[in-house]
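Undergrad: Chains as they are written, first to last, in the numbering used here: chain L, 1 to 1089; chain D, 1 to 285.
Treat the hints with caution; some may be incorrect.
Under the rule of at most 25 Å between Cα atoms (straight-line distance), these lysine to any residue pairs were calculated in the SDA-like manner [said to hold, decoys possible]: (1) D:Lys179 / D:Thr232; (2) L:Lys168 / L:Glu118; (3) D:Lys23 / L:Leu706; (4) D:Lys23 / L:His714; (5) D:Lys23 / L:Lys320; (6) D:Lys23 / L:Glu555; (7) D:Lys23 / L:Gln693; (8) D:Lys23 / L:Leu742; (9) D:Lys23 / L:Ala743; (10) D:Lys23 / L:Tyr571; (11) D:Lys159 / D:Lys223; (12) L:Lys751 / D:Asp21; (13) L:Lys751 / L:Asp921; (14) L:Lys286 / L:Glu270; (15) D:Lys23 / L:Asn700; (16) D:Lys23 / L:Ala735; (17) L:Lys286 / L:Lys320; (18) D:Lys23 / L:Leu730; (19) L:Lys226 / L:Gln169; (20) D:Lys23 / L:Leu648; (21) D:Lys23 / L:Asp740; (22) D:Lys23 / L:His708; (23) L:Lys1018 / L:Leu978; (24) D:Lys23 / L:Thr558; (25) D:Lys23 / L:Lys226.
Below, a sample of chain L positions facing chain D; criterion: calculated Cβ distance under 8 Å [said to hold, decoys possible]: (26) Leu647; (27) Met650; (28) Asp696; (29) Val699; (30) Asn700; (31) Ala703; (32) Leu704; (33) Arg707.
Derived from the structure by calculation, the hints contain no laboratory data. Bear in mind the structure is a predicted one, so any value in this text is a computation, not a measurement. Ideal Cβ positions, reconstructed from N, Cα and C, are used throughout, including at glycine.
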Amino acid sequence: MAVFDTPEEAFGVLRPVCVQLTKTQTVENVERLQAQLQTVSDSALQGLQQYILFPLRFALKTPGPKRERLIQSVVECLTFVLSSTCVKEQELLQELFSELSACLYSPNSQKLAAVSEELKLAVIQGLSTLMHSAYGDIILTFYEPSILPRLGFAVSLLLGLAEQEKSKQIKIAALKCLQVLLLQCDCEDHPRCLDELEQKQLGDLFACFLPGISTALTRVITGDFKQGHSIVVSSLNVFYKTVSFVMADEQLGRTSEVQAKPAVEQRVAELMVHREADWVKNTGDKLTILIKKIIECVSVHPHWRVRLELIALVETLLLKCSQSLLESAGPLLKALVSLVNDECPEVQAQCSKVLKHFADQKVVVSNRAFADILSENLHSLATSLPRLMASQDDQGRLSTLALLLGYLKLLGPKVNFVLNSVAHLQRLSKALIQVLELDVADIKIVEERRWNSDHLSASPKTSASRPRGQIQRRYFRFFSDERVFLLLRQVCQLLGFYGNLYLLVDHFLELYRESVVYRKQAAMILNELVVGAAGLEVEHLHEQHIRTNPEELREIVTSIFEEYTSQENWYLVTCVETEEMGEEPTMKQSGLQAITSSTQTCQVTAFASFSKPSPTVCSMNSNIWQICIQLEGIGHFAHALGENFRLLLMTALYPVLEKAGDQILLISEAATGSMMDICHACGYDSLQDLINQNSDYLVNGIALNLRHLSLHPHTPKVLEVMLRNSDASLLPLVADVVQDVLATLDQFYDKRAASFVSVLHALLAALAQWFPETDSLGQLQEQGVQEEGSRLSQGPATLENNTTTADDIEQFLLNYLKEKDVADGNVSDSDNEEEEQSAPPGVDEDDTGPSVEPPLPVQIQIATDVMERCIHLLSDKNLKIRLKVLDVLDLCVVVLQSHKNQLLPLAHRAWPPLVHRLTNDDPLAVLRAFQVLRTLGGECGDFLRSRFCKDVLPKLAGSLVAQAPVSARAGPVYSHTLAFKLQRAVLQGLGPLCERLDLGEGDLNKVADACLIYLSAKQPVKLQEAARSVFLHLMKVDPDSIWFLLNELYCPEQPTLPHPNLHPVQLRGAPGQQNPYKANVLRLLQELP
Amino acid sequence: MWSPGYRTPPSMAAMLPPPPDPKFVLRGTQSAVHALHFCGEAQVQGHPLLLSGSRSGLVHIWSLQTRRVVTTLDGHRGRCVTWLQTLPRAPQLIRHLEAHSLSPLGFGSQGRDLKLCLWDLAEGRNAVVDFLCLENVGFCRGSILAGEQQRWTLAVPGKGSDEVQILEMPSKTSVCTLKPEADAKPGMPMCLELWRASSSLRPLLLVGYEDGSVALWDVSERKICSRVTCHTEPVMSLDFDSQKARGVSGSAEKALAVWSLDEQQALQVSEPDPRCHLSCFALTV
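This is chain L alone, in the form it adopts within the complex:
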């Protein structure tokens, strides 16, 4: 298609069409014109603008009824022309404006004409295009007071369309057009930048539409969610653009008191608004109502773009109209702040950006009024917080807290302004405390025990991988969602970050002291305050904010720490059976009763259990939580102070270790977590490192507290935890305190033996683990001992000795032991000792007399001392202690196995009480005693043999024989009884012991006789098994007699005589199928070589 560039050519083409149209106004003619227009260039069209417009306008103006279709096409054509040309005359602009707007108006009904949607859309487009085509300053001259009626007409038309139309397209177009009409459209350089005066004039002009626009748009915005988000977005856009233009502080600040009389007719002048103070106030109030409505509706709008637009609204209004819309600032800020934690990331990001922008611009900080509003909001929120937390669902709680958090973020350093008011601080703190109330009714908390006390070192290892910041699961009364707690923590951290830490800490410490009801929550808050103050986990908006100086922070932490670890806050009743392990069974009984009875009437308010004679489950739970929170707090403090915390280790480590040894699982876990935190903060590699490096502090605490054991009954636990979590390098550091412990035990053996025995157990277990005796060495030494012992009995070892020179063996042993000891790290100490011990017997014994006995290695000395105590405690009247002591004794023997000179005399002294345990005690004790006996038999067999045969064997054999008929008759339940376990343990232990002790024939027969009965098929299977094991061991000692014995019981075949001269042997064992011993005897005979 040809393009006509010059007006002349174009004119030639267009003239016939225009004439045609003027004559007969039909849709076809209009379309023809439009088709021709396509071929004309823009510049040519501009020249012919008036000419082409004429027939179109004529068509619109022709009186009489018109067909809608025609009008629509005319308007469309008009729009096309306008989109390609500029309107350069004000008059034309005004006229076109009126003509177009008139298309939608029916003069008869005085309202929007009922025309087709297409026409409406075309007219809206036309108006929009018209305004865009206005050239340069024309647009400004258009907006003069005299246009008011016509403009108002158009505005109300468009509002009507936006509000009432069904079609989404029309609604949006109308809103866009309105925006254009009010010179707020989004296109580039339209309108061109206005100077202040022009803005003011326009503002004055638009001010009269403000009520209409704002109310109508509010209706649209708060309408049905289903109308589609884009309409709401556009409405919001127009709303805030209009409001922010008319109510801009910038313009209002310059409004003169006296209205300049515009030179217009009276009718128009009445429409004009003078934006003086009163008007601003009234309008502001009314707008506030609308804004509140909008925010209420939009902030929960399901579509995120709407919420995003709301942020833009808040931002624009707060930035531009902070004075005029002061009343609305509260709701606006609230809306903004509550969107900080919006579920949609875009909204969140935008919101944070705006908040950051506000903070950077110091919108709040520099604006006293805003700070006032925020603090008022904060206050009212704090007031309603407990109610909201109790009544809302988790989502509601989250948004409420997000709001609180947002206020604090926005206030930033200004938060002190709020905190300095006593009422505000009270309100806020009470709210936090109420919300953070824990649910302490759970019985499990008290019941869960650290049962695996023998393997404590396992627990820190598992928790070593625990990421920092993760804390124990808490159960709150008002909420269960973890995120709620997270938000609350953030709130506290922000307070700590921005607030006056001294003030806050004082306040919450006061609450902490005030009542048990507040204590846990206050401690939680204090913990987070400190973390916040260190600025570690706070996302901060106000960059210039100065952090608390580390020195001050350390002082504050020290004061909180002292409060936490004071006698009445650290040593709380957490379990029923505190120290009275003697009356354990009865105490436990009453404890259980207390648990069951108190859960019924459990009040959440905890009691000061310190003074209560019988603490309830609730109060104990509460105490446990309090300790846990405080422990966690110490971890937090370490985290907050970092390396600076090292100076506090002197006082802090001891109480934490004390709690790490607590028998309540939660407490011990919390303490371990706290230790891990300390480790990380102070730069230690591991718990072991932490303990070893700081053992001087710990040992000092232990030593001092041992002096007042009644005041510090938990002292031994600290040592226990130290031992369990460390290695051999700790031993020299604690050696002196171990002596203190033993000395204190001597002083208090009647009252506090239980806690000491467990330390001794830990100590010996540690020693046994740290200084393991390798098998080869043990055997070698045993051989050495046998040499000594067997000089009389002409044992095989002596024979062996004779074949090699004594010097060779001596040299070999010496070298071996030396190397071994070097490897163990006891070079100088043990050298001589070993030398002396392993010296071959009979060689100048007098020269190396006992007078020059060298010092023993530390661990041997300790084990000797401990074993000494065990001998006394073996006959303690408390069964639990006796059992524990037997365990310790067992370990002592293990540790001392290489030092027979120490072990043997002690074993000699331990013998009588041990025999008593074996023969005359609770079955449990018998079991453990037997275990000791086995270990002892393993270590000093010869020494034990005669004593065992004389004191123990007869009784054991007797009891086995006596018990056999019972077990043979018993049913399957028998295997759960103690008697069964006792039988089994004895049978299992006897075999290796007999072999080890190298029993003589007579004693061996005693054992065999006692065990034979258990080979019967009538006995429980496990006892048969155990009995078989006895015989397997006995076979190694004396195979012949055992063969004979077994054949006496059951004889599978009569032996054939090797020589006819020998007497035939008649074995008594009956070969019948019914023999109950058949199966076991056959199996044993197979094993026999």
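Based on the hints, put chain D in the right spot on chain L.
TA: Coordinates of chain D only, in the frame set by chain L:
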């Protein structure tokens, strides 16, 4: 702070209230401590340093803030350290104090290896700057008195068993030897205290002798001004307040004696007055 044997024997415990708890027990010297000295001058964040000398010949410097050993010095060849004393500091050392946070101090240590070592710890050094060989094998500790222009006077037991030697430091020039008159026979000097009356510049020396007497020497004139016998056993330790002109001495008989000095520079044993106030008293055994 320091109390090596604080545990009361059981028989005593019944009669006496238990001794107060130590605030902290410093551990880690690994052998018996024979000399202690607070360094008030060299402070780390408001906490003084403490010097301790052990039987194994090591000198430990303790920070009382962390309550841990900061430095360990070995200069007495494994022989027991018997005396520790900070030295009057030279001006340039004071400047170092400002620049350097920890212990720019000089101190002397006397050991049973018959050596008196002078240490300089400025700028992280820990070396013996100088040493002085002693000629007396007794247990008597030295005493020092600061003089003018970085000079100071040192009193140590001398070569002869009853002599006290006065030296000018740091040049180590022997000033004089104080030997009691032949007929006095006070035995060995057991403890020394150099001081100077506020009115004069003349250094005076208090010496506790083996026979239980305390003597006041005028160092410049090398004569005993006054001597008083206040103990029946050797004097083990003494201290003197030059302001109030009163002194205390302790002896092997487990008794303290209080004595004073009148205007004529005569020592007089006084009955211990319960109201009497001793502004400074330090005894170390």
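Undergrad: Against each hint, give a clear statement of whether it holds in the structure.
TA: Right, here's what the structure says about each hint:
The suggested pairing of Lys179 (chain D) with Thr232 (chain D) holds, with an alpha-carbon distance near 22 Å, which does not exceed 25 Å. Proximity of Lys168 (chain L) to Glu118 (chain L) is assessed by CA-CA distance (about 12 Å); at most 25 Å being required, the pair is judged to hold. Between Lys23 (chain D) and Leu706 (chain L) the CA atoms are separated by roughly 14 Å; this keeps the pair inside 25 Å, and the hint holds. Under the criterion of a C-alpha separation no larger than 25 Å, the hint pairing Lys23 (chain D) with His714 (chain L) is consistent with the structure, at around 20 Å.
Between the alpha carbons of Lys23 (chain D) and Lys320 (chain L) the distance comes to roughly 65 Å, so the proposed pair goes past 25 Å and is violated. Between Lys23 (chain D) and Glu555 (chain L), the direct Cα distance comes to roughly 20 Å. Compliance with the 25 Å bound is thereby established for this hinted pair. For a cut-off of 25 Å, the pair hint linking Lys23 (chain D) to Gln693 (chain L) stands: about 20 Å separates their Cα positions. For the hint pairing Lys23 (chain D) with Leu742 (chain L), the CA-to-CA distance comes to about 22 Å; that is within 25 Å, so the pair holds.
For the hint linking Lys23 (chain D) to Ala743 (chain L), the alpha-carbon distance of about 21 Å falls within 25 Å, and the restraint holds. A C-alpha spacing of about 22 Å is found between Lys23 (chain D) and Tyr571 (chain L), which places the hinted pair at or below 25 Å, so the restraint holds. A distance of roughly 18 Å separates the Cα atoms of Lys159 (chain D) and Lys223 (chain D); the hinted pair therefore holds under the 25 Å criterion. Simply put, Lys751 (chain L) and Asp21 (chain D) have alpha-carbon atoms about 23 Å apart, close enough for the 25 Å limit, and the pair holds.
A threshold of 25 Å between alpha carbons decides the hint, and for Lys751 (chain L) with Asp921 (chain L) the separation of about 22 Å falls inside it, so the pair holds. Note on Lys286 (chain L) and Glu270 (chain L): the hinted pairing holds, with a Cα-Cα distance of about 21 Å set against a maximum of 25 Å. A threshold of 25 Å between alpha carbons decides the hint, and for Lys23 (chain D) with Asn700 (chain L) the separation of about 9 Å falls inside it, so the pair holds. Using a Cα cut-off of 25 Å, the hinted pair Lys23 (chain D) and Ala735 (chain L) holds, with the two alpha carbons roughly 21 Å apart.
Restraint check for Lys286 (chain L) and Lys320 (chain L): the C-alpha separation of about 18 Å stays at or below 25 Å, so the hint holds. Between Lys23 (chain D) and Leu730 (chain L) the CA atoms are separated by roughly 23 Å; this keeps the pair inside 25 Å, and the hint holds. Among the hinted pairs, Lys226 (chain L) with Gln169 (chain L) is consistent with the structure: their alpha-carbon atoms are about 15 Å apart, no more than 25 Å. At roughly 15 Å between alpha-carbon atoms, Lys23 (chain D) and Leu648 (chain L) fall within 25 Å of each other, so this suggested pair holds.
This hinted pair checks out: Lys23 (chain D) and Asp740 (chain L) have alpha carbons roughly 17 Å apart, not beyond 25 Å. Our distance criterion of 25 Å between C-alpha atoms is met by Lys23 (chain D) and His708 (chain L), whose separation comes to about 14 Å. Of the pairs offered as hints, the one joining Lys1018 (chain L) and Leu978 (chain L) holds, with about 19 Å between alpha carbons and a cut-off of 25 Å not exceeded. Note on Lys23 (chain D) and Thr558 (chain L): the hinted pairing holds, with a Cα-Cα distance of about 18 Å set against a maximum of 25 Å.
For the suggested pair Lys23 (chain D) and Lys226 (chain L), the alpha carbons sit about 76 Å apart, so the restraint of at most 25 Å is broken. The beta carbon of Leu647 (chain L) comes within 7 Å of a beta carbon in chain D, closer than 8 Å, and the hint placing it at the interface holds. This hint holds: Met650 (chain L) has a C-beta 6 Å from the nearest C-beta of chain D, less than the 8 Å allowed. A hinted interface residue such as Asp696 (chain L) counts as satisfied when its beta carbon comes closer than 8 Å to some beta carbon of chain D; here the least separation is about 5 Å, so the hint holds.
Using the Cβ-Cβ criterion of 8 Å, the hint placing Val699 (chain L) at the interface with chain D is satisfied: the shortest such distance is roughly 6 Å. This hint holds: Asn700 (chain L) has a C-beta 5 Å from the nearest C-beta of chain D, less than the 8 Å allowed. Look at Ala703 (chain L): its Cβ gets to within about 6 Å of chain D, closer than 8 Å, so that hint holds up. Nearest Cβ of chain D to the Cβ of Leu704 (chain L): about 6 Å, under the 8 Å cut. The hint holds.
At about 6 Å, the closest approach between the beta carbon of Arg707 (chain L) and any beta carbon in chain D falls short of 8 Å, and the interface hint on this residue holds.
The structure is inconsistent with the numbered hints 5 and 25, although it conforms to all the rest.
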